[in-house]
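Undergrad: For reference, the chains in residue letters:
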Amino acid sequence: MIEQLKIDFNKIEENSKFSEDNIKFRKKNLQHFVEKGFPNKRIEDWKFSDLNQIISSNISNLSFFNDKEFKDSEQIYLIDKFEHNKIIFINGVISKIDIKHEDGKKIIINNDLDFIGNSNEINPLVSLNNALANTYTCVTVKENYSLNKPLIIYNITTEELQSTALNLRIDIKLERNSNLKLVTIFDDNSQQNFININQNFDIAQDAILKSYKIDHKANSNIKYFYNNINLAKNSISENFIFSTGSKFIKNEVNCNLNGQYSSAFINGVINLNNSQHHEIKTNINHLAENTKSYQLIKTVLNDKSKGVYQGKIYVDAKAQKTNGYQLSKALLLNKDTEFDGKPELEIYADDVKCSHGSTSGHLDEDSIFYLMSRGLSHQQSKELLINGFLMDAVEKITDLEIKDLIKDIMGIKE
Amino acid sequence: MLTVKDLKVKIDNKEILKGLNLEIKPGEVHAIMGPNGSGKSTLSNVLSGKKGYTVTGEVKYFNENLLDLEIEERAHKGIFLAFQYPLEIPGVNTNIFLKTSLNAIKKAKGEKVLDAIEFLKLVKQKAAELKFDEKILSRQLNVGFSGGEKKKNEILQMSILNPKLSILDETDSGLDIDALKVVSEGVNALRSKDNSFLIITHYQRLLNYIKPDFVHVLINGQIVKSGGSELALELESKGYETLS
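For the protein sequence lines, the chains are A and B, in the order given. Taking numbering that gives the first Met the number 0, the leading residue of the first sequence gets 0, the next gets one more, and so forth. Taking numbering that gives the first Met the number 0, the leading residue of the second sequence gets 0, the next gets one more, and so forth.
The hints are simulated quantities; they were obtained by calculation from the structure and are not laboratory data. Ideal Cβ placement from N, Cα and C applies to all residues, glycine included. A hint or two may mislead.
Stated by the list, open to error - Straight-line alpha carbon distances no greater than 27 Å define the calculated BS3-like cross-link-like pairs of lysine-lysine that follow:
id, chain 1, residue 1, chain 2, residue 2
1, B, Lys105, A, Lys381
2, A, Lys80, A, Lys216
3, B, Lys134, A, Lys402
To be verified - Listed next, with one range per pair, are the computed distances between beta-carbon atoms:
id, chain 1, residue 1, chain 2, residue 2, range
4, A, Asp350, B, Asn12, 27 to 37 Å
5, A, Leu362, B, Asn12, 25 to 35 Å
6, A, Ser219, B, Asp67, 42 to 52 Å
7, B, Lys105, A, Glu345, 48 to 58 Å
8, B, Gly147, A, Asn333, 34 to 44 Å
9, A, Ser219, B, Asn64, 44 to 54 Å
10, B, Glu69, A, Asp350, 53 to 63 Å
11, B, Glu128, A, Asn143, 46 to 56 Å
12, A, Thr358, B, Lys134, 27 to 37 Å
Given these sequences and hints, build the entire structure.
TA: Spelled out as structure tokens, the structure:
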């Protein structure tokens, strides 16, 4: 695999017009990845999801060079429930940017930057992304601007894409007192690829980000999402993760509450069947006084699927009056399913309020009896209870249009 | 309507009902009274189809073998159990649940299902009759309801579903006098020559408001005495001990 990686890297280098500094940066990152490789279960953070093993058993002859042509088909899946701005990626390449609902001076989208960032020596997958990313997209929302409509980033893959590693980097910058509703939605028509997306959010003072990630179409791709969120004073980041489509996903969220009175919300739903395996891993770092974090993750597992939630809350010594909360609940519908939960609190301040909870269990037979005694079939009762269980987390979505979209996807009608 | 013959029920080899006989005709109201542990709730659970019991004997409901029917089929055919402890169902809106339930039953009967507007009209009317705050219906089913609200919600479901045989399992327990009156009025409004009731209770109190045609005393898994409504008064003054 490493040989293939080096050959493909040279191909990427030859086919591009990267600056010398950028190539230096990429090579350094490549070197780091080559030393570490794909993470395996011997690494604590990956002990429930051995990516190295998952990739080798699901993808044969992984190629790191992505030159897959795409047909700009008319069958592109677009949301028609509400008006929105769009960035459409097809097989990792931007095919369309449409921000017609906005003032073009107030939201800037760049996708031709010769990116040079800080090398992250800790995470080899971020290094891989830095080394290979074929597009770097940066969205900046200017000071005091609130978008009129949500921005939807479509990540579409077509059937031409196979056994390929796709690396994307998207940076979102919210300037002071700006406001963005972002939906990242995946429409996979491809199989057996490794999709590695690195998203960085920089949220300035008084700005509000609402970010919703939806992966719902059944596919055999393996995905890793690394989200890094930096919050300045009095800013808010609301995140929702809807994780049901792909064969494997690890959603890693690193969130730094750098400014006083900043808050972060990470809620999510994992709903799996067959042999799917999804993980949500969070690191919430309270680094200033009066910061708040809230996490609610609901998992439903069917067949032989596996769900993982690793949630860590870190409270720095200077982050007094921190309010941190996390709750994970899992519903195991079959004896062959597995759920692993690892809540962690690391607290160095003495005046804080932090709590966590984790439960896993089965559907309550008495509740099924209650619903069936009102004329519902066993299947209807089960669905109602499962949806009810998941709704708890979905109800946390503060944007009504997007909440309705997710309810639609879940098949909940009112 | 309902004929129970020599009904024996076991849980984990422990015999709870030991040969129970009962006949309910259309339009009749029967009350079953008995001390704790006599098998009252087991009887209501078995009639509505709850799993986990070993059942022998015969239960005929309109000439059908009730014991052969699934839980939801019994509901479709007009059996309703008002639960002693109604379950809290998080994330499920009460109104949506009520509509799903009513339409499941209508569909099974081959009747036209109600659309959202027709349903809302029906619910409003029934809620008003029961002096039930409509706002509660937009909340999650029974979640955070007071004991009284839960019981009233059972009676609301009953009056919306309009069952032929309603089984009330200690619906009066935990109710204050005002709520008791409202619940009783709900039951009395449903009384007709076709609708029957089986009321399970510890106390005679409820029977002041819902006058039964027959009272049965259930002790240790068997009906030891049957009589008219005066039997309830007798029990209230003498207690169960004289009968056991």
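Undergrad: Which of the numbered hints are not met once you compare them with the structure shown?
TA: 4
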